[in-house]
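Now for the letters of each chain:
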Amino acid sequence: MSLTKTDKALIAAIWAKVSTQADCIGTEALERLFISYPQTKTYFPHFDLHHGSAQLRGHGSKVIGAIGDAVKDIDNLESALSKLSELHAYILRVDPVNFKLLSHTILVTIAAHFPAEFTAEAHAAWDKFLSKVSAILTEKYR
Amino acid sequence: MVHLSGEEKGYINAIWSKVSIDQTGAEALGRLLIVYPWTSRFFDHFGDLSSAKSVMGNAKVQGHGAKVLTSFGDAVKNMDNLKGTFAKLSELHCDKLHVDPENFKLLGNILVICLAEHFGKEFTPEVQAAWQKLVAGVATALAHKYH
Chain A
1 MSLTKTDKAL IAAIWAKVST QADCIGTEAL ERLFISYPQT KTYFPHFDLH HGSAQLRGHG
61 SKVIGAIGDA VKDIDNLESA LSKLSELHAY ILRVDPVNFK LLSHTILVTI AAHFPAEFTA
121 EAHAAWDKFL SKVSAILTEK YR
Chain B
143 MVHLSGEEKG YINAIWSKVS IDQTGAEALG RLLIVYPWTS RFFDHFGDLS SAKSVMGNAK
203 VQGHGAKVLT SFGDAVKNMD NLKGTFAKLS ELHCDKLHVD PENFKLLGNI LVICLAEHFG
263 KEFTPEVQAA WQKLVAGVAT ALAHKYH
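Chains A and B supply the protein sequences, listed in that same order.
Going by my numbering, 112 is the number at position 112 of the first sequence; the sequence numbering is gapless.
One rule links them: number in my numbering = place in the second sequence (from 1) + 142.
Just chain B, same shape as in the assembly:
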């Protein structure tokens, strides 16, 4: 279970309040598919993912990225109960989507890199550390119902 101090929650909220969910979600999912091309195994139905350009320009990638990051927003709103918040999604990712939980860690780290890119100096080591805890907590929560 992840424990975030008041200070860490503050860091997370401060960044989150300035995030463009649609843009950052698309960026994060796009980078996941480009940096770790094998993750495209879950998205064969998305069409052309053959190049960085086609991935970033793909409307389905953009749409799905936005969806994923919107859901991540629930994590930010419920930092003290990630397992409960993501219980249903965990079942979905196991039973219907068949996603190896390793992918949650990959996407979490990609999200951290996207945030670093957007926020630069503001994304201090301390801010990063809080976000690393949160993405690790989300990854764990999403894997929690796997069987």
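Same shape as in the complex, but just chain A:
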């Protein structure tokens, strides 16, 4: 499943909107993850995950920042995400199933904030993009 020119344009257009509230979007996506899928909290025993927590905000910002970097280097995703791929494989070792869950809550958050822009085509492009990102992040697992 590769990204077409149209996909890339749609991905960039949505990113332009997301980037205006990046930290808020990242934080909300994580909050949605932890509330809908409580098992994902097992990866953050060291965090205060309450609404408004500084750690949650910091981590949301980090995650969305990485996605932004991926968007900016969309023609070179493997190399752009190489360090993160190693981090997830050797240090974090988050079970691959969780990437789908976070991808879903990111899409839900974008849909809630930007309903007009989140057309079916944009939705499809972002679903593909996040699938690609997830695949690259789990590529070195074994």
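Among the hints, a few may not be true.
Now the stretches of chain B that chain A is said to cover, found in silico as 3 or more residues with beta-carbon under 8 Å [as the list claims (entries may be wrong)]:
(1) 250 to 264
(2) 267 to 277
Negatives, chain B to chain A, calculated, CB over 10 Å [what the hints assert, rightly or not]:
(3) Gly172
(4) Phe184
(5) Ala194
(6) Val197
(7) Val210
(8) Gly215
(9) Asp222
(10) Ala285
For lysine-lysine, the following BS3-like pairs were computed, each having C-alpha atoms within a straight-line distance of at most 25 Å [as the list claims (entries may be wrong)]:
(11) B/Lys263 with A/Lys132
(12) A/Lys100 with B/Lys247
(13) A/Lys128 with B/Lys219
(14) A/Lys41 with A/Lys62
(15) A/Lys17 with B/Lys263
(16) B/Lys263 with B/Lys247
Hints are computed from structural coordinates only; laboratory data are not their basis.
All residues carry an ideal CB built from backbone N, CA and C; glycine is no exception.
With chain A held as given, fit chain B onto it using these hints.
Leaving out everything else, chain B in the frame of chain A:
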């Protein structure tokens, strides 16, 4: 078996009472076909599904989407007995329609995204969580009679 608290049922009912079933049903099925094009395997007889525009404008997609979401309404009315409510439909999806149950999960998540789009801020993380439980329960119930 899905267990929804009184609070969660309240969240679900509050959203459901404001949903336009025809519109949201068409939207959800349309997005399923656009985001996951391989799901069109069940709808070869629907005609032109070749582009997002043709999918969303397709009268059969709209009609079927409305039908599916109307049926989903039974889930909302019977949250404590999803397996019983969907027993017959489960048999139908297995024996006659031959639908891989994975598709129920895909459609459930698409529905959640459509609701987020319509309700925005009102679709809080807590409201979403209740809906995720419900769509997962429906997916399980629809797969329950598979053999």
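Now for the hints, and whether the structure bears them out:
{"no.": "1", "hint": "250 to 264", "verdict": "holds (count 10)"}
{"no.": "2", "hint": "267 to 277", "verdict": "holds (count 5)"}
{"no.": "3", "hint": "Gly172", "verdict": "6 Å, violated"}
{"no.": "4", "hint": "Phe184", "verdict": "18 Å, holds"}
{"no.": "5", "hint": "Ala194", "verdict": "5 Å, violated"}
{"no.": "6", "hint": "Val197", "verdict": "8 Å, violated"}
{"no.": "7", "hint": "Val210", "verdict": "17 Å, holds"}
{"no.": "8", "hint": "Gly215", "verdict": "22 Å, holds"}
{"no.": "9", "hint": "Asp222", "verdict": "21 Å, holds"}
{"no.": "10", "hint": "Ala285", "verdict": "18 Å, holds"}
{"no.": "11", "hint": "B/Lys263 with A/Lys132", "verdict": "28 Å, violated"}
{"no.": "12", "hint": "A/Lys100 with B/Lys247", "verdict": "12 Å, holds"}
{"no.": "13", "hint": "A/Lys128 with B/Lys219", "verdict": "35 Å, violated"}
{"no.": "14", "hint": "A/Lys41 with A/Lys62", "verdict": "17 Å, holds"}
{"no.": "15", "hint": "A/Lys17 with B/Lys263", "verdict": "17 Å, holds"}
{"no.": "16", "hint": "B/Lys263 with B/Lys247", "verdict": "24 Å, holds"}
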